[in-house]
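Please work from the sequences and hints to get the whole structure.
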Amino acid sequence: MTKKEEWLALFEKITGRKPSEKEIEAGQETDFDPQELITIASIKKKKKWSIPAISWTKKSVMTSILPIAIVCLALLFTILAWLTSASGSFLFLTVLLLIAGVTLTIINWKQLRAWSLASAIVAALSFALSLGAVSYHFLISEVTSLVNYDGSDSTSILDDEIQGNARDEDGSYQDDYDSSYDYDYDYDDDSSDSSDSSGSLSDDYVTNYYDFNWTEDKFRQLVVGQDSLDDIVKKFGKGSSGVVDGDTIELKYEDSDSTFDDDLIPDSVEMTFEEDSSGDYILESASFYGDVEGITESVLENSAWTDEQLAALKAANGVESELTKSTKLTDIVKSHPKASLGQTTLSTDEKGKFYQTATLYYISTSDDSTSYSSLALAFNYDSASKTYYLEKVTDID
82 MTKKEEWLAL FEKITGRKPS EKEIEAGQET DFDPQELITI ASIKKKKKWS
132 IPAISWTKKS VMTSILPIAI VCLALLFTIL AWLTSASGSF LFLTVLLLIA
182 GVTLTIINWK QLRAWSLASA IVAALSFALS LGAVSYHFLI SEVTSLVNYD
232 GSDSTSILDD EIQGNARDED GSYQDDYDSS YDYDYDYDDD SSDSSDSSGS
282 LSDDYVTNYY DFNWTEDKFR QLVVGQDSLD DIVKKFGKGS SGVVDGDTIE
332 LKYEDSDSTF DDDLIPDSVE MTFEEDSSGD YILESASFYG DVEGITESVL
382 ENSAWTDEQL AALKAANGVE SELTKSTKLT DIVKSHPKAS LGQTTLSTDE
432 KGKFYQTATL YYISTSDDST SYSSLALAFN YDSASKTYYL EKVTDID
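For the sequence shown, this note's numbering puts the final residue at 478, and the numbers step up evenly by one.
Bear in mind the hints are in silico, worked out from the structure with no lab data behind them.
Be aware that a few hints might be false.
Claimed, not checked - In silico DSSO-like cross-links for lysine-lysine, where the CA-CA straight-line distance does not exceed 30 Å: (1) LYS406 with LYS395; (2) LYS395 with LYS319; (3) LYS434 with LYS319; (4) LYS316 with LYS406; (5) LYS395 with LYS333; (6) LYS419 with LYS406; (7) LYS299 with LYS319; (8) LYS409 with LYS434; (9) LYS316 with LYS432; (10) LYS467 with LYS299; (11) LYS409 with LYS467; (12) LYS103 with LYS84.
Set out below in structure tokens:
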């Protein structure tokens with residue numbers, strides 16, 4: 082092998098390529114000296130990577146740093162507006178960010194940078210989403226107010242409409258039905274007063290680690306006027322909360338595992354006890370609140386009920402003989418499976434009778450004149466057919 086051939090082979094081995102004509106001529110001038118090959122091949126050493134220095138100029142702040150900060154804050158405020166109850170505060174902050182984004186876009190208009198325009202667009206989207214969060218939290222509070230009141234002079238939205246129409250299990254209507262067993266949800270915090278006359282129940286009757294395991298069969302084992310507070314705690318376990326008010330004790334078993342996304346109101350059993358002459362607290366009344374099977378509780382954009390659909394419904398309206406001819410709850414669940422709230426109530430009173438009712442609420446903020454924005458459907462249970470039938474339709478706008 083000639084000296085040239087050795088030089089060419091060494092060149093390809095080092096550089097991984099064949100030399101150019103100029104490189105061969107340069108090699109020939111050095112008599113194909115291997116020591117000059119590196120210089121001829123023009124192999125450059127890799128530059129070390131280094132972080133460029135940041136120049137905090139007024140221009141960089143106005144065109145990059147502030148817009149990026151606006152984008153990040155807008156995303157953060159939007160998330161917090163949906164996840165927290167202070168959505169109104171974060172809506173106000175997104176308004177400030179929108180003003181700042183628009184201002185930066187105007188200032189940098191002649192030399193418009195992508196981040197400046199992006200900050201204005203993201204801030205506008207953040208404002209719209211935060212406004213939606215405010216509307217969402219407001220709607221939830223409105224729905225909750227329909228079924229969650231403090232038991233004062235205000236009455237349930239449907240008490241005046243369906244009071245006296247509840248049917249007991251022998252199929253007859255109860256003339257003196259107590260509306261407090263229909264929709265009386267008392268979620269006030271327990272009083273901190275620990276006196277003998279009022280306050281929270283002791284740890285002998287309530288626990289913070291309650292596991293809800295009530296069923297309809299268990300509830301029907303309760304005997305009003307006979308079971309004492311001690312008997313019930315011994316048989317069914319401690320409750321999740323309780324209040325003492327003079328001679329009356331209220332004990333609640335609430336499903337603590339239920340989340341707000343699953344149920345607007347958790348499943349619960351509520352009992353009232355009265356002190357007798359011997360000092361024992363005897364069961365006076367009880368109610369079991371559960372979900373309507375097949376109903377998905379969610380925030381509705383519109384109630385989805387049109388005039389034609391409402392006209393097709395048949396309600397008993399207090400006429401006993403018309404109840405089983407009314408529209409079935411199962412048919413409404415099939416046609417309108419999404420509702421703002423679905424609730425069943427199984428109650429027993431001081432006479433030991435059981436009453437079953439159900440209620441569906443369809444509530445929205447839609448301005449669509451072709452549908453009802455706030456609607457409540459009340460049902461009574463027919464024990465013979467084991468079916469809920471429509472008792473009353475109420476427009477609660």
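Assess, step by step, whether the Cα of LYS409 is no farther than 30 Å from the Cα of LYS434, and give holds or violated. Within the cut-off at roughly 23 Å; holds.
Would the hint linking LYS395 and LYS333 be met if the CA-CA limit is 30 Å? Not satisfied, since the Cα-Cα distance of roughly 36 Å exceeds 30 Å.
Holds or violated: are the alpha carbons of LYS316 and LYS406 at most 30 Å from each other? Distance ~41 Å between LYS316 and LYS406 Cα, so the pair is violated.
With the threshold set at 30 Å, check whether the alpha-carbon distance from LYS467 to LYS299 stays at or below it. With Cα atoms ~18 Å apart, LYS467 and LYS299 stay inside 30 Å; holds.
Restraint status (C-alpha distance of LYS409 to LYS467 at most 30 Å): holds (11 Å)
Taking 30 Å as the top limit, are the C-alpha atoms of LYS395 and LYS319 close enough? Violated, at about 43 Å.
Hint check: LYS406 vs LYS395, CA-CA at most 30 Å. Holds or violated? Holds, at roughly 7 Å.
Mind checking the alpha carbons of LYS103 and LYS84 for me, to see if they're no more than 30 Å apart? holds (18 Å)
Distance restraint between LYS316 and LYS432, which requires alpha-carbon spacing of 30 Å or less: Holds. LYS316 to LYS432 sits at ~22 Å (cutoff 30 Å).
Sort out whether LYS406 lies within 30 Å of LYS419, counting only the CA atoms. Given that 30 Å is the threshold and the Cα spacing comes to 24 Å, the pair holds.
Would you mind confirming whether the straight-line C-alpha gap from LYS434 to LYS319 stays at or under 30 Å? Within the cut-off at roughly 25 Å; holds.
Hinted pair LYS299 and LYS319, Cα distance within 30 Å: holds (15 Å)
In summary, the structure is inconsistent with hints 2, 4, 5 from the numbered list given earlier, while agreeing with the others.
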